[in-house]
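The chain contents come next:
2 protein chains.
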Amino acid sequence: MLNVSHSGLSASRLGYAKEKMSENGPWGKVLTIDTMNPTVKKVEYAVRGPIVQRAVQIEKELREGVKKPFAEVIKANIGDAHAMGQQPITFFRQVLAMCSYPELLNDSSFPEDAKHRARRILQSCGGSSLGAYSASQGIDCVLQDVARYIERRDGGIPCNPENVYLTTGASDGIMTMLKLLVCGEDEGRTGVMISIPQYPLYSAALAELGAVQINYYLNEDKCWSMDLSELKRSLKEARRHCNPRALCIINPGNPTGQVQSRDCIEDVIRFAAKERLLLMADEVYQDNVYAEGCEFHSFKKVLFEMGPEYSDSVELVSFHSTSKCYMGECGFRGGYMEIINMDPEVKAQLNKLVSVRLCPPVPGQALMGLVVNPPQPGEPSYINFIKERSATLSALAEKARLTEEILNTVPGISCNPVQGAMYSFPSISLSKAAIEEAAENDQAPDMFYCMRLLEETGICLVPGSGFGQKDGTYHFRMTILPPMDKLKVLLTKVKEFHQRFTNQYS
Amino acid sequence: MLNVSHSGLSASRLGYAKEKMSENGPWGKVLTIDTMNPTVKKVEYAVRGPIVQRAVQIEKELREGVKKPFAEVIKANIGDAHAMGQQPITFFRQVLAMCSYPELLNDSSFPEDAKHRARRILQSCGGSSLGAYSASQGIDCVLQDVARYIERRDGGIPCNPENVYLTTGASDGIMTMLKLLVCGEDEGRTGVMISIPQYPLYSAALAELGAVQINYYLNEDKCWSMDLSELKRSLKEARRHCNPRALCIINPGNPTGQVQSRDCIEDVIRFAAKERLLLMADEVYQDNVYAEGCEFHSFKKVLFEMGPEYSDSVELVSFHSTSKCYMGECGFRGGYMEIINMDPEVKAQLNKLVSVRLCPPVPGQALMGLVVNPPQPGEPSYINFIKERSATLSALAEKARLTEEILNTVPGISCNPVQGAMYSFPSISLSKAAIEEAAENDQAPDMFYCMRLLEETGICLVPGSGFGQKDGTYHFRMTILPPMDKLKVLLTKVKEFHQRFTNQYS
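So the protein lines, in turn, are chains R and W. Going by full-length UniProt numbering, the first sequence opens with residue 1, and the numbers climb by one from there. Going by full-length UniProt numbering, the second sequence opens with residue 1, and the numbers climb by one from there.
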């Protein structure tokens, strides 16, 4: 693979400065690990990290007939509902099929409300085609439907469609907002507060952008709630070495499955107002609330109910997506963000920035439009829609309950209630011997644990170290998405493995 | 909109350093034009710039009954075929509809080859659903189909699916590759050579990433061809102030519509090999070749035919997309890139980087898979597919010819042959008086011209200054996509306007 095409050409004839030669070697690659973007190298993303790569490899080995102590890999590493067998909502897919192939609008087997939605979306597309670029902010009728959805959800607090941006999944919106925020050098560098444990998109995006990650710890003893004193501590420390400008919240929580109380959200808003932090509320699990007494409160609603003192000033961006809730349509990469109190000049820059990528995928936009404008009472698809949605959400609630219950029967595993979202994040006790053996393997202790679990049982979880955790504590994240029969197998195997592992390293 | 919630709190109690207060004012917004990411502010994107915003406004005024000297806005500013009335390929949309709503696999009105493709794609999706995340690199069967397509296209030169990455349109791939490349500070900063005129995604991406844009000028006198001496000049100058590491080529050309000769491509490859530049070949118009004697040569094919001296060493990335050619499916944001001779360690970093965004939109991946694996002779959809594809491509060829012909009848407009792609980029003579009036309006002369054209005729073109051009020359970019009847109207109106404008400012 060496470049041998330069024989006879001296380095000076090629015009290379001496130091460039010594850096890369004159005949080596242009792009090497030493000459690539250093911020990219710092990026980590556990949800698709080494353990998942090994799981894929094991699946391949199984297909090739390699003998293992298990027949299949059960993946509980990623919030990918359809991959775990969850069925899509019929109505959504009917409309998408008609939008893709409008001949189907003449097919009498499709219900009228689905046809109506398909026509409405297509009329809002250039040339009545999903294949045309949309406006960079999104298809007009979807922006309007999102705004009306937000108003309904928030008890009538107004939402201007001009403040809504459709996105390529929530990740894209979060990345775009963080990109707008980053500036400064050294101690003036933008810092962004994120919860620990966190969803690693945040740390990855901050690393990629060269911003400073400011950790605030969720309180595991209080069901992973946010703690005002911890926010204060974290901010105070961060101010010594960077310029903290934003506070990210994931509610309901990923990877920790908590649902924030209204009081807690008010505290956070007051804190952000006082400390002048832009709030980024990742609310993609807004329909995933299972626990008795828990309820989803949008940051926007709470902000506006706190009165103009807050609602006229606090800068807030809220993110939603087609990927979670009862839809689980991750593959379409649909999402939106609503911006509140954004400076108009910054908004103009945001418009420009999103226009460079032309537009979010239009099928994902259409799907987002359906999620916020589903069948209504009296429409032909309503009953079936409600049936499908309820079945999915109640199955998730049941799995959340079961996961907590079974994990808490295992000595050495302690699991908070899975109040919402799609994850449990139990802590695991690891002995000194286990920690030492992990160190010998050059692995974080919970990575060592999860890797062993995978090799022995075929169960793929993500170690807590990929999300961040308090020093000296160990966790894993496990989705509650596998079908009930597999989830039971999974939980039993985790239980048995943990006992075996504990005995081995006691 | 002022934050009034801090009354009574002193700045010191809030912990603000004095300089921070003076920067933003203590009660203002967190995120302002002065405190946002400075690199984002430098981004420009003409294709959706002020002229297009004004066109959208005029359309609104027309709907509201405002009287104008025209009845409709004709947009020739963006390569958006479906928005201009081009019909999608039936086969592609049938398969997408079945993938969206698999019940349709039982519908006897769909042809068997379409069903076969839909089943193949769904089997490669998690949970047999477009709604599952794919692997970050893309759906396995699509990666394989892309590899086979490249092999067919390039006369059997092997393509390893592991070197193929599906993307969210070509823009996403280009951005990702540039992101990998950027490093260094000051004179060591990564420089990237781009053609002038260029497609402004490149300048926008380089601005956003803080890389150095290195301009090389295409030779308008030789039908916008690349010129080796100009490449050398450009590189030599750039080496004084940055570290040039990559050379971007758009072939067939955007905005200039040229098709590169094989000899020229060989020259460029030799230049890149000698000067150690990574090649980025934007080949999204690979099916859009109209002129007699012109042919598309992929950079990869030429590279490999030049022998191992080159094919074993030159780093090349080639980009393709569902958005152009005969498909014009921009809204799906489908695309791929093939990487050749990439350092394995860098490839591992690339894999990590794309995994943070989870995956490209799966419907767009499916569509990319269909584009590279369309109906074959003997399959039921073949004849109709060929008929639709040929009709679109021959209409484009006819429009390319007509555009050149009519524009060249206008004194003061000079238009190179539209050999390929979807654009003409004629030069326009502007008088001193016109240039002075533009300056009084604080506009580039060709922006002034295009804005006047829009206001007087409703025709929306993009000024050459948005793409870059030699100092003292003026151009506009116009797509050849409007339907034939509208294209004729457009060309006649441009002709009349140019004569009027020339007379007025003579």
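It is possible that some hints are incorrect.
The list treats identical chains as one, so a pair stands whether inside a single copy or across any two.
As the list claims (entries may be wrong) - Straight-line Cα separation of at most 25 Å, PhoX-like style, residue types lysine-lysine; simulated pairs: (1) 42 - 347; (2) 493 - 236; (3) 179 - 493; (4) 352 - 42; (5) 470 - 301; (6) 301 - 115; (7) 347 - 232; (8) 470 - 42; (9) 41 - 179; (10) 115 - 41; (11) 301 - 41; (12) 352 - 60; (13) 495 - 41; (14) 347 - 60; (15) 179 - 42; (16) 41 - 352; (17) 347 - 41; (18) 352 - 179; (19) 493 - 60; (20) 60 - 42; (21) 232 - 470; (22) 115 - 470.
Treat the hints as calculated values from the structure; they're not laboratory data. Since we're looking at a predicted model, the values are computed, not measured.
Hint check:
no.	hint	in the structure
1	42 - 347	between (30 Å within a copy, 15 Å between copies)
2	493 - 236	neither (44 Å within a copy, 64 Å between copies)
3	179 - 493	neither (43 Å within a copy, 42 Å between copies)
4	352 - 42	between (28 Å within a copy, 10 Å between copies)
5	470 - 301	neither (32 Å within a copy, 54 Å between copies)
6	301 - 115	neither (33 Å within a copy, 47 Å between copies)
7	347 - 232	neither (29 Å within a copy, 41 Å between copies)
8	470 - 42	within (21 Å within a copy, 40 Å between copies)
9	41 - 179	both (18 Å within a copy, 11 Å between copies)
10	115 - 41	neither (48 Å within a copy, 43 Å between copies)
11	301 - 41	neither (39 Å within a copy, 32 Å between copies)
12	352 - 60	between (45 Å within a copy, 21 Å between copies)
13	495 - 41	neither (36 Å within a copy, 54 Å between copies)
14	347 - 60	between (48 Å within a copy, 21 Å between copies)
15	179 - 42	both (17 Å within a copy, 13 Å between copies)
16	41 - 352	between (28 Å within a copy, 9 Å between copies)
17	347 - 41	between (31 Å within a copy, 12 Å between copies)
18	352 - 179	both (13 Å within a copy, 19 Å between copies)
19	493 - 60	within (21 Å within a copy, 63 Å between copies)
20	60 - 42	neither (29 Å within a copy, 47 Å between copies)
21	232 - 470	within (17 Å within a copy, 56 Å between copies)
22	115 - 470	neither (52 Å within a copy, 52 Å between copies)
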